[in-house]
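Engineer: Residue numbers (our numbering), protein chains in the order written: chain F, 1 to 282; chain V, 1 to 338; chain E, 1 to 310.
Simulated from the structure, these hints should not be mistaken for lab results.
All figures in this text were calculated on a predicted structure; none of them were measured in a lab.
Any given hint could turn out to be false.
Unchecked claim - Once the Cα atoms are required to be at most 30 Å apart in a straight line, the calculated DSS-like pairs of lysine-lysine come out as: (1) F/K240 / F/K77; (2) F/K77 / F/K96; (3) V/K203 / E/K129; (4) F/K238 / F/K77; (5) F/K240 / F/K198; (6) F/K198 / F/K238; (7) V/K2 / F/K96; (8) E/K90 / E/K129; (9) V/K203 / F/K168.
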Amino acid sequence: MSSLSISGPTPTDTTDIGPRLRVEQATYAYSATDRSAPAFTLGPISFEAGRHDLLAVLGPNASGKSTLLRLLAGVTKPLSGRVEIDGAEITSLELKTRAQKVALVQQESTLLFPLRVWEYVLQGRYPYGRRLRFESQEDCVLATNALAQVGAASFRDYWMEELSGGQKQRVILARALAQQPALLLLDEPTQHLDIGGKIELLRRLRRLADENRHTVLVVTHELDLAADFADRIILLHKGKCLRIGTPAEVYDRGVLEEVFEVPLEIELRANGRPRVSLRSDG
Amino acid sequence: MKPLTPRRVLVICGLLLALLFAAVVISLRMGAYPITIPEIVTTLFNRFAGRSDQIPSEFLLVVFGLRLPRIALGIIVGAALSTAGAGFQALLRNPLADPYVLGVSSGAALGAIMSLIFTPHVAGAIQIASFVGAGVTISIVFLLGRRGGQLDAATLLLAGIITTSFLSAVIMFLMTMLSGRDLRGIAFWVMGDLQTPPVIGLKWLFFVLVIAAGCIYTTTSDLNLILTGEQEAHHLGVNVRRVKLVVYVASSILTGLAVSVSGAIGYVGLLVPHVMRMLFGTDYRLLVPTSAIGGAILIVVADTLARTVLGTTEIPVGAMTALAGAPVFIYLMRRRVR
Amino acid sequence: MRKWLILLVLATVGATCARTASAMPFAQTPAEPGRAVTDETGRHMTVPMNVRRIVSLAPNLTEIVYDLGAGDLLVGDTDFCDTPAAARSKPHVGNPQKPSLEAIVALHPDLVLATASINAPETADTLLKLGIAVYTTYPHTVRQMLDSISEIGALIGANEQGDSLKASLRARLDALQTKLADRPLAHVLFLVWATPPMSVGPNTFIADALRWAGAESVLVTHQDWPTPTFEELLRIQPDYIVLTTDHEGDTSGAAQLRADPDWKGLMAVQSNRIVTVNDRFDRPSPGLVDAIEQLAHDLHPEAFLPAVNQ
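Starting from the given sequences, assemble the full structure and let the hints guide the process.
Structural biologist: Right, here's the structure in full:
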């Protein structure tokens, strides 16, 4: 039974212990054509994530971040290995069950018809009903709470197309939250935000992980933000998982310079989190 | 926050049905044969109550033999075309799509011409042949319109356009081979005609309408999500592939059926969903039923005008919908949606 | 659950309405005694013995009714029925291709006359379903037309007039045939339409009428309405070109043809062997025989000179 408190919809828990997300030796490959050799291979990757965890996936372009995200979202089945959510293999779940466990936040495609913010967020309740459904009272409450959680309650009657980039980002997040997912996946959510927006978003994600027991995984380019907010970092390079660990563990100068091909300098701050900057003599 | 409730759907549909009923009664009143509304009501009541022998035989003739079958066919065809239009607009992600854009009407026309060439005087052959033609076209466009294993809006549209052009060329070719007089039969195709009763009977036609439209209705929650974005819908748990298939098949069958029994009546499938969207919003759970009833109302009104405006000369109903439809369309285009 | 209930209710309501609206088997008014008749398209019907009200759906049928002396029985005809002049003032039921069924019913006809060459079969089918007798003629040849005339005469109680009209028309045709017996058939190009040229095939009614007038269409084709190219016409070089006047009797067609550069290559045009016939040539009615005789005179003037006294 989900809680209806103002603090927001919590993930529908089916297990109380153990990791929520478990990736075990997952690999994936695809070729330019059917018969040629694989043009790109990802993996093998293994890691686990539990409640309250916020993970960041880092890596240059074409390092496999989107592929990994698709594996985690259950959209693609790994060539070998497993991706499990709450103990069940993700691709074996029914579509709606999967949607109840995993929510994906991406850049929104252009809307065909005008839609109000609350209508958009209400769509997140789709996995919780029959095929042809009309939203219930509970759905409305949960959607309202989701909007409150992202600080978008004040513009819930606006049209989607009226929103600014940052506001839209929040609304998309609210819809994902309305799904009451165990795992929240975000694909480069800070792309169109200014520095204030970026920090606000990461703070919010941190809060969601801490207070609402979501497992959050963010694919991002932002080295510093990831270092400041993530519990663990997954560093990808050309399809290989180079490192998984705390920011301090992963941000090794040699490794980062090799991956990003830029002269860098790592500074460890007082709170144990590293800061990356351009090397002054570079 | 006020989401759509079943009650709101029923209330609005109830109002529209009342409007439809009024249109039907008025339509029954109009025609070359003089008959008043009280007479119509009495006649309807007697027939319904099984007291047909109390009705003057000529009223029986005019009301039940001529007007009512035509109105009933118009209702079914109007509802079918509008529902199909709404379905295709979602499937093709284009609010300006009409049910004929995927070539169904060209295929049906080809079937009709073939029947005129090979079986010119067989009763009902035209309808059956045109439905077969429609069915073949639907299958071909389906096979051509897939991409990555599922129906894709842009690919479908291309497939439809190519098929339509090809079929039109074949039709042109065949028409030059046909004798001049025999082409009379094809004229009703181009313009639409509600006078010929359906070969399979009104009951079966209505049955297929309910089934196909019902199938589309069960996907309306999914369609609402798909319209926000196919990827997003998939991530929310919608079986996008299956929904698109169901909508394609059901909408195509509705179109094929409508065109086989009444020729290609234009503008209905395009305009009615558009107007309903403007009036009642884009939620498909409301749009589908209102489009169906709205389409029925439009055809009943258009057909009534078509058969009474010029006295004994009848304008094809397709010409009527075009005459009325074009200005409305222009008005809609100039007015921003919301 | 509620949704299925609603759907069920709707379906029931709809099906009941559909049942109400579906075609009933309409019985014809049993009061009148009638006879079983099969028309020229094979349709079966019962025609009242005493036909008092006739509706005609084609101009040639209107003409036939008047020529049978039954003009008073005609209660309705089409917008295009103009011969004789009295026909124009009868109540109209629309055009022959799509007459107003209601207007026909409103006239309470005992018999409706139709022809397969102009009227749509659906019209006759629907009227028959409503219990109204519709006799459809289907004339392929001039002889069949004569038979139709006497058939219609028999139907409407004008047997004598029908038989005598048929006999007199037959006599005229036979006389014509005798006169033309020794003459070779003129090779003509009968133009239904001039731009682009459209002619007639050998199985059409017009082709048969041409034969009676001592002419034959030059085109060898299986189509009923062939559209020959100019090259073909130049190769064939018909002896005569036959045009019809248009509806208002406008005879300028011949002059237009002569002025047209495309047509100048034909010898028939150069030597002005262009004959214009009354547009009644295409109408299967008694007036057709006039037109045939006229054409025969124009094509074979020598056959009609008074016999030289020995």
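Engineer: All hints are to be evaluated individually against the structure, with a verdict given for each.
Structural biologist: Now the hints, each set against the structure:
Restraint check for F/K240 and F/K77: the C-alpha separation of about 18 Å stays at or below 30 Å, so the hint holds. The hinted pair formed by F/K77 and F/K96 meets the criterion: a straight-line CA distance of about 17 Å does not exceed 30 Å. Taking the CA atoms of V/K203 and E/K129, the gap is about 18 Å. The hint holds against a cut of 30 Å. Restraint check for F/K238 and F/K77: the C-alpha separation of about 20 Å stays at or below 30 Å, so the hint holds.
Distance restraint check for F/K240 and F/K198: the Cα-Cα separation of roughly 27 Å lies within the 30 Å cut-off, and the hinted pair is therefore satisfied. Of the supplied pair hints, the one linking F/K198 and F/K238 holds, its CA atoms being roughly 26 Å apart against a limit of 30 Å. For a cut-off of 30 Å, the pair hint linking V/K2 to F/K96 stands: about 24 Å separates their Cα positions. A C-alpha spacing of about 26 Å is found between E/K90 and E/K129, which places the hinted pair at or below 30 Å, so the restraint holds.
Under the criterion of a C-alpha separation no larger than 30 Å, the hint pairing V/K203 with F/K168 is inconsistent with the structure, at around 50 Å.
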